[in-house]
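Based on the hints, put chain B in the right spot on chain A.
These protein sequence lines are chains A and B, in that order. Be aware that the first sequence starts at 1, since it is given in my numbering, and climbs by one per residue. Be aware that the second sequence starts at 1, since it is given in my numbering, and climbs by one per residue.
Honestly, the hints are just simulated from the structure, not real lab data. Please note that a few of the clues may not be correct.
[As the list claims (entries may be wrong)] Covered stretches of chain A (in silico footprint by chain B; criterion: 3 or more residues with CB under 8 angstroms from a CB of chain B, positions within the stretch not fixed):
1. 18-32
2. 44-52
3. 55-64
4. 67-81
[To be verified] The list that follows gives simulated cross-link-like pairs (lysine-lysine, DSS-like), each with its CA atoms no further than 30 angstroms apart:
5. 3(B) / 18(B)
6. 18(A) / 56(A)
7. 42(A) / 5(A)
8. 83(B) / 37(A)
9. 79(A) / 107(A)
10. 220(B) / 64(A)
11. 149(B) / 218(B)
12. 79(B) / 85(A)
13. 79(A) / 60(A)
14. 218(B) / 79(A)
15. 86(A) / 218(B)
16. 40(B) / 153(B)
17. 18(B) / 56(A)
18. 153(B) / 42(A)
19. 149(B) / 79(A)
20. 139(B) / 79(A)
21. 64(A) / 217(B)
22. 59(B) / 3(B)
23. 85(A) / 83(B)
24. 44(B) / 86(A)
25. 83(B) / 56(A)
26. 59(B) / 152(B)
27. 64(A) / 71(B)
28. 44(B) / 18(B)
29. 139(B) / 79(B)
30. 79(A) / 153(B)
31. 3(B) / 42(A)
32. 64(A) / 144(B)
33. 3(B) / 64(A)
34. 40(B) / 79(A)
35. 42(A) / 40(B)
36. 83(B) / 79(A)
37. 107(A) / 56(A)
38. 44(B) / 64(A)
39. 56(A) / 153(B)
40. 18(A) / 71(B)
For glycine and all other residues, C-beta sits at the position ideal for the given N, C-alpha and C.
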Amino acid sequence: MKSNKKLIQGNLESLVLKMIQDNGEMYAYEIIQTAQKITRDKINITEGALYPLLHKLEEKNILKIEIRSIGNRKRKYYKLTETGKKETQKQLHALREFIETMQIFLKPKYKPI
Amino acid sequence: MKKLTSQQINSLFDFVKKHYVNWYDLQLELVDHLATDIEKIIEKNSQLSFEQARDLAFKKFGITGFYDIIKAKTHAMQKHILKLLANEFYNFFSSQKIFGFIGLWFLIFEILFFTNFNDWVFIIIFYSPLVFSMFYIMKYQINKNKKAKQNKKILLYENVLFQEYIIIFNLLTQPTFFLVSHNFFDPEIISKYGIIISFILAFIYLFLYLDIFIVPKKLKIEYSRIYQFAEN
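Extracted from the complex, chain B is given alone in its bound form:
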């Protein structure tokens, strides 16, 4: 059987990219699928050109092309990331690290208490996770753009993480309007619910730590182990 040339394989990578498959893990699989099918099609009918055989192979993916596959893979990746995050939470709370969380909770409360529940101190503590996540979203996007410009391979998990960061950013900013309209930054209100508020803040801090530092690190290790060989 006549095998496809490296140039033809590269043109298949461009072909799948044109059909919105922007992630290397998915590109790699679909390119091999198309290439294997093209070779079989040409073997049966040697009169066909590479492009004609490619279009016949692509037709088998149906009218939606790669769309359903991208959608299903993204969904599977979202679930995988959520499971990892849940697992990290479980590990955190079922180990001695829980004392670190309790420590952070009381530290926030103490800061609020010793500053007489000053609204400005509260605003700084409340909004620092927001600034922090905004900074990370920007950094992440800049890195992604840089990788794309340098023609480096981007894996699907990197894109799913970015989408997730945007959702988190929205979730943290949305309550702002509600809190301002309900006069929530009033020291009297802060002091009344001080313990609960400190707990929520400590929880947000922990969530961001696990989601922004730990989970991406684990994903990077997991996927570089699988695709390291593919990079060679």
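Extracted from the complex, chain A is given alone in its bound form:
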């Protein structure tokens, strides 16, 4: 079963930043493939959602780019800037807190009123 699209859309930025943080640098196609692979196809990031996000993060100075030659073509790699590293920590902290809060509702220890 595919995960809820709205939940993924809402957290796409944090997911992408976390993947780039873990890998040091990534190119767009690699981000899509990695997300599919590690979640066993539960998270499918579309090209139409990923590229605008990457370009927005680049403009905000959260990501920086580097062009490298790969055989007979060039490849654009995305890396976190110093601002990006701080922003990733901030977003992941907020996401963890949110998940913990959600656990209260999903596994209630209290008796329903």
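Chain B in isolation, oriented as in the chain A frame:
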């Protein structure tokens, strides 16, 4: 995994150009994306031709194709240019250069004052930025056309800057009709609001200087540093 040939890569550049991706920075990324996907598709199904695999890879971009990506990238670039411009204004006014601006402001006022707020002098001072920006728009477009004809790579920022120049040109020409209809070029009116008018003119001059000379220079340095390697 079988890698695509240089000829196939070139045909992918033509493919993205046909889908309205006219800027090298965006072409480079999308061509690599399509190429990587085509190689994976052919690896899974070797019966497919390059063209069939290319169409399957392109299908993943949805019914709008590259349109949403172009739109989002253009929007991001517009914001980047505006931020650069705002930053240049901040740097200008927070340094000693502010005295240059004050000097220009009073110079314009003095010229108006010593010519008894002559309407023709005012018209020349008022419209010279307009002629100046028109000249630049034309020069910019000619250079862009030349680059396109010589098959040279054009980056997205060059296109966004051109669009921005057209907006500025319109913003400077639009008030003309209002000013003429309100008899604004009357020396009496010019003398009454002389200080404010000189300030507005000095501000327009500074804006054009930063927007036409400084910002494009900074963008050129920034992007040639990134894409210089890609040119090799």
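Each hint tested on the structure:
no.	hint	result
1	18-32	holds (count 3)
2	44-52	holds (count 5)
3	55-64	holds (count 4)
4	67-81	holds (count 10)
5	3(B) / 18(B)	holds (23 angstroms)
6	18(A) / 56(A)	holds (16 angstroms)
7	42(A) / 5(A)	holds (10 angstroms)
8	83(B) / 37(A)	violated (38 angstroms)
9	79(A) / 107(A)	violated (38 angstroms)
10	220(B) / 64(A)	holds (17 angstroms)
11	149(B) / 218(B)	holds (25 angstroms)
12	79(B) / 85(A)	holds (22 angstroms)
13	79(A) / 60(A)	holds (13 angstroms)
14	218(B) / 79(A)	holds (22 angstroms)
15	86(A) / 218(B)	holds (26 angstroms)
16	40(B) / 153(B)	holds (28 angstroms)
17	18(B) / 56(A)	holds (25 angstroms)
18	153(B) / 42(A)	violated (39 angstroms)
19	149(B) / 79(A)	violated (35 angstroms)
20	139(B) / 79(A)	violated (37 angstroms)
21	64(A) / 217(B)	holds (20 angstroms)
22	59(B) / 3(B)	holds (21 angstroms)
23	85(A) / 83(B)	holds (21 angstroms)
24	44(B) / 86(A)	violated (40 angstroms)
25	83(B) / 56(A)	holds (13 angstroms)
26	59(B) / 152(B)	holds (29 angstroms)
27	64(A) / 71(B)	holds (20 angstroms)
28	44(B) / 18(B)	holds (27 angstroms)
29	139(B) / 79(B)	holds (24 angstroms)
30	79(A) / 153(B)	holds (25 angstroms)
31	3(B) / 42(A)	holds (29 angstroms)
32	64(A) / 144(B)	holds (27 angstroms)
33	3(B) / 64(A)	holds (28 angstroms)
34	40(B) / 79(A)	holds (24 angstroms)
35	42(A) / 40(B)	holds (20 angstroms)
36	83(B) / 79(A)	holds (21 angstroms)
37	107(A) / 56(A)	violated (37 angstroms)
38	44(B) / 64(A)	violated (33 angstroms)
39	56(A) / 153(B)	holds (23 angstroms)
40	18(A) / 71(B)	holds (26 angstroms)
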